[in-house]
Structures are given as C-alpha cells and as structure tokens.
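S.K.: Below are the chains, spelled out letter by letter.
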Amino acid sequence: MNTTTSPTLNEPAWFRRLLIGAGLAFLGLFLALPLAAVLTEALRQGVGAYLVALQEPVALAAIKLTLIAAGIAVPLNLIFGVTAAWAIAKFEFRGKSLLITLIDLPFSVSPVIAGLIYVLIFGAQGWFGQYLFENDIKVIFAVPGIVLATVFVTFPFVARELIPVMEEQGTAEEEAALTLGASGWQTFWRVTLPNIKWGLLYGVILCNARAMGEFGAVSVVSGHIRGETNTLPLHVEILYNEYNFVAAFACASLLALLALVTLAAKSFVEWRGQAQRALAPIALPAVQPST
Amino acid sequence: MSIIIENVNKHFSGFHALQDVNLTIPTGELVALLGPSGCGKTSLLRIIAGLEQPDSGSIRFNGEDTTRRHVRERGVGFVFQPYALFHHMTVFDNVAFGLTVRPRAERPSRGEIADRVHDLLKLVQLEFVADRYPSQLSGGQRQRIALARALAVEPKVLLLDEPFGALDANVRKDLRRWLRRLHDEIHVTSVFVTHDQEEAMEVSSRVVVMSKGRVEQVGTPDEVYGAPATEFVSRFLGSVNLFKGRIHDGWAHIGDVRAPLPHDADTQAGAAVAHLRPHEVSIADSPEGAIAAGCVRGILSIGPMVRIEIERDGEENGLVEVEMVRERYLRSPLALGQKVFIKPRNLRVFASGAG
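The listed protein sequences derive, respectively, from chains A and B.
So for the first sequence, my numbering puts the first residue at 1; every next one is plus one.
So for the second sequence, my numbering puts the first residue at 1; every next one is plus one.
Listed below are the simulated EDC-like cross-link pairs for lysine to aspartate or glutamate, each with C-alpha atoms no more than 20 Å apart in a straight line:
hint	chain 1	residue 1	chain 2	residue 2
1	B	Lys156	B	Glu64
2	B	Lys156	B	Glu73
3	A	Lys197	B	Asp93
4	B	Lys212	B	Asp196
5	A	Lys90	B	Glu52
6	A	Lys96	A	Glu167
Calculated from the structure, these hints are not laboratory results.
Throw the hints in and build the complete structure from the sequences for me.
M.R.: Shown next, in the form of structure tokens:
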C-alpha cells in the first residue's frame with residue numbers, strides 16, 4: 001500500500017487529526033468505556049465474589065443452555081448456509097432472487113417479532129398449540145423454542161458470507177474436476193470446500209457470536225424460568241433487575257469475553273483468508289457459455 | 001475417436017446460440033472452431049464435453065451416442081480458458097487429481113500415479129514445477145499444466161477453450177508450435193476454440209468457421225482461405241477490398257471485369273460483390289481489365305511490405321488497400337496523387353447479401 005503522504009492529495013493536518021480524534025472518541029465512549037465498566041462492576045467485590053457468582057447453579061444452567069442453543073443452531077446454519085450458497089452461486093434456477101430475499105429475512109425482521117412468530121405457531125393459543133399440548137410436547141417456554149428462535153435469527157450468517165465468495169470463484173474449477181472424473185461429492189470436498197474454508201469459518205464465528213448473544217427473540221419464547229429456560233443474556237437481565245449487580249456484571253463479562261474472542265478469531269480468519277487470496281491467481285471474469 | 005455432431009440446437013434465454021449444427025471430426029485430427037465472439041463456438045465445445053446439454057440433436061463418439069452421458073463418463077480432457085487449476089493444490093496434485101478421484105478398484109497405486117504425473121510433466125517440459133502452486137507459475141506454464149492435467153486421465157478427446165487467449169504474443173507463438181508438435185506425438189482427437197484466424201490456420205489440420213450459431217465452412221486452412229464458401233468466411237479470414245457489381249447472363253460484371261459466379265449462386269440478374277485481398281491486387285496504368293480506377297492517397301512502408309492506399313473514383317470512403325513486397329514496389333514506384341487502375345489477380349464473387 002502506498003503510505004507516502006503527498007500534500008496535494010491529503011487534507012490539512014488539523015483536519016486529519018480532527019477526524020481521527022472523532023473516531024477514537026466515539027470508539028472510547030461506546031466500546032472501551034462500557035467494557036471497562038462491565039469489568040469493574042463485575043470485580044467490585046473482589047475476584048472471590050466474581051467466581052462465586054459464576055458458580056451459582058442457575059448461572060451454570062444458563063451457560064449450559066446458551067451452549068446447547070449455539071451448539072445446535074451453528075451446525076444447522078453451517079449445513080444450510082453451505083447448501084444455500086452452493087445452490088445460489090453455482091446454479092441458475094427459477095426463484096433464485098426469492099431465495100436470497102428469504103435468507104435475508106431474519107436481518108430485516110425485528111428479533112422480537114421472530115420470537116412472537118414461534119409463540120403464534122407453537123404457543124398454547126397457537127396453530128399447533130392444542131396438538132402439542134395433547135402430545136405433551138413443549139416448544140414454547142422450553143429448550144426447543146429457544147433453539148428455534150436462535151436458528152431463525154442466525155439464519156443468514158453463513159450463507160451471506162459464502163455467496164459472494166462462491167460467486168467470485170465461478171464454476172470453472174468444479175467443471176474441471178467433473179471432466180477429470182470426480183463425482184459431485186469428491187468435487188465438493190476436494191475443490192469447493194478448500195476454496196471457501198476461510199469464508200465459511202468467518203461466517204461460523206459471526207453466527208456463533210450472534211447465537212450466544214441473542215436476546216430479543218429468545219426472550220419472547222423463553223418464559224424466563226430460572227435454571228431451566230434462561231440463556232446467559234436473559235440471566236444477566238434478571239440479575240440486574242434484582243439489583244444483583246456483581247452477579248449480573250460477572251455473567252455479562254463472560255459475554256464480553258466472548259465478543260473479544262470473536263473479534264480476535266474474526267481478525268485472524270480475515271488475515272488468513274486475505275493471505276490465501278493473495279496466493280490465488282487473479283480472478284478472471286467468469287466465462288459465459290454463450291460465446 | 002471420431003466425433004459426429006448432428007442437428008445440434010441450443011438456446012440461451014431466448015438467444016439461438018447454435019442452429020442445426022452438423023459436423024464430423026475424424027479420428028486423430030486437430031480441429032479449430034473459428035469465429036467471432038458470440039458465434040457459438042464455445043457453446044459447441046462445451047456441448048461436446050457434456051458441460052452443456054443441446055436442446056436437440058445428438059453427439060456421437062465413435063458412432064456411440066453420448067448426448068445424455070455425464071461429463072464424468074465421457075472421457076474428454078477439457079482445458080478451460082482461465083485454466084481453472086485447483087489453486088489450493090500443488091502442480092503435482094493438480095495433475096494427479098484425475099487419477100486420485102477414481103474408485104479404489106480402478107485407482108493406480110501411489111507409485112504409478114507419481115510415475116504418470118512425472119511423465120506428463122516431462123511431456124509438457126515442466127518437471128521442475130511439481131511442488132509449486134499454480135499462483136507461482138507464469139501464464140504459459142499454467143496453460144501447459146492445465147493440459148497435462150487433462151491428459152492425465154488419458155482422454156479419448158481433447159477439448160481446448162481459447163488455449164492461447166490470455167497469453168502474450170511471444171509465449172503464444174511458442175505454445176502454438178508446441179501444441180502442434182504435441183498433437184503429432186500423441187494423436188488424440190483434439191478440438192480447440194479460437195477467434196484468431198492466424199492461430200486456427202497455424203495450429204489446426206482442419207478449420208471450422210462459424211458465424212451466428214451456424215457452421216459456415218469446414219476445410220483445411222488452405223481451402224478456407226483460398227476458396228471461402230461464403231462472404232463471411234472471406235471477410236473473416238483476412239482483410240478484403242469490396243467491389244460492387246451486377247449479375248447478368250450468368251456472369252458477374254464488376255468494372256471492366258467479367259467474372260464467373262460461384263456455382264451455387266443464383267444466376268438471375270442481381271447485385272454481386274467481389275472480394276479482393278490486398279496482396280491480390282495489381283496496379284496498372286491502362287484501363288483494360290481493370291476493376292476500378294482511383295488515385296494514390298497513401299504509401300506506407302511496413303518492413304518487408306509496402307501498403308498502398310488508393311481512393312476509388314466517384315466513391316466515398318472507397319479506399320482500396322494494396323500490399324506488395326518491397327522489391328516489387330521498388331520496380332515501379334508510385335507517387336502520391338497518381339492516377340492508377342486496379343486489376344485483380346484473383347477475384348472471388350458472391351451474390352450480394354449472401355452470407
């Protein structure tokens with residue numbers, strides 16, 4: 001990158017400092033300060049109290065439920081995202097733009113509405129409420145509902161990340177593999193997957209962060225039963241409302257830690273992905289079969 | 001392996017890309033599909049490979065119908081235009097790919113694969129790049145690796161899409177000669193697509209000229225250049241000067257010249273157009289047997305050739321290009337503005353509007 005500063009191309013020094021300063025101030029006010037606040041509040045009564053708060057059975061149950069929800073939602077989204085991106089990027093079919101719109105739907109719908117949809121469908125007064133009640137299946141105010149809501153809100157992450165990557169790569173390598181006698185399965189594992197692995201990992205990291213941090217949709221379907229249907233973000237809210245600040249901030253610090261780990265992992269994956277792309281040949285425009 | 005293409009039609013969202021294409025490619029030939037972009041040549045190649053399906057018609061390999069057979073089972077080697085090397089694999093793994101994806105029962109042993117890959121790398125003269133990644137190769141090297149990879153599966157047919165398209169002029173020239181020699185060595189039936197008439201002439205033993213989804217002419221390079229079947233072929237294979245005339249009594253009359261009509265032409269009275277290549281023009285100072293008259297507007301010395309531009313009398317933008325070797329020009333030099341007559345040494349007449 002060209003880093004020489006030419007006076008003819010740059011803004012005056014005071015203006016640059018003003019812009020950078022504004023950026024940093026913003027970052028400090030909205031990111032660094034809250035993070036510091038979370039940690040100070042969590043440790044206000046010492047490390048002992050902090051650890052005790054985290055070892056409460058209800059806190060452990062919340063952590064467990066969060067891990068279960070993410071553990072189901074992320075693999076599901078991984079499979080769905082790869083298949084959807086594969087279909088959209090490599091094939092031409094009717095209804096393609098409709099599918100893309102549907103994938104984006106969870107981004108445009110408020111998470112609370114998303115949760116409400118499931119209450120309307122599976123809730124006691126919902127479409128299937130009677131049937132579920134008779135067969136003693138609990139969806140709303142139980143773990144399945146939380147998983148469903150999590151899957152819904154994280155739906156677009158993997159697919160959205162992969163579609164541009166796969167579209168940019170075109171189909172030439174896959175076609176080459178087919179002419180060389182590879183089956184569809186071999187082509188996917190040996191050609192497609194290695195080409196998308198960094199994009200895929202990036203999508204999974206973002207998906208996981210969202211799955212663990214989701215509040216709105218999960219809050220609607222959860223029912224807030226302590227030790228049973230509370231995920232970590234919901235648990236934080238309850239503790240806070242009970243003025244149990246140390247425990248609330250201790251649990252919040254876990255989520256903050258998750259955010260920091262996600263950020264680090266995301267940067268690492270971006271860096272590796274770019275390094276790999278730099279190695280890749282210059283992307284030529286996809287060849288249309290119409291010549 | 002011979003390839004027979006029968007009545008193939010292909011549409012792409014309303015566009016008729018191939019129209020009733022019939023073509024026979026005999027065993028062991030090196031055939032060029034030549035035409036401007038959008039003429040359907042790449043579509044035809046991809047249909048032969050099985051990467052596209054024709055809307056109607058059939059493809060037969062050695063008499064056997066393969067129209068519905070999966071790409072994987074056709075036994076074609078395909079060299080893609082942007083090479084499509086697997087960029088996360090080394091050159092060795094790229095070339096070995098076709099062998100390593102075979103079912104266990106048919107797969108050669110590790111040692112056999114290694115031997116075969118090294119033989120192929122030797123064939124394309126690139127043994128020393130086995131451990132490199134495609135991104136570390138030059139364009140010409142990538143092209144040769146793509147070829148080695150396609151040959152690894154011992155294809156019965158080799159198909160190449162614009163094999164020299166993305167290379168610079170010198171590398172292209174070397175590779176053309178090299179491909180020609182390679183084909184003499186391995187004799188696999190090969191078809192390549194190109195839009196460059198020089199390339200088609202130089203490399204192939206047979207040229208298929210295509211335009212707007214149709215085959216215009218099939219023949220040896222000499223035939224298509226020397227006896228173009230249609231106006232399109234004549235124009236596409238080199239620059240031509242056009243002269244308008246009339247058909248009358250079964251002859252074409254252009255200027256002072258009476259020329260025979262092509263045998264399939266309509267002999268009724270009508271318009272005709274004559275094609276005359278720049279090197280087929282003689283410059284004379286008397287009007288007998290002249291096709292047109294004009295005056296010299298430009299004389300350009302281009303290395304061993306001299307190009308003379310003559311403006312035709314009474315015609316706007318009627319510039320005629322004449323080319324002759326330097327020695328011949330020096331025997332009877334011209335002056336700018338000089339009045340001259342244009343005489344054809346070889347004239348091809350087409351009924352106007354044909355082709």
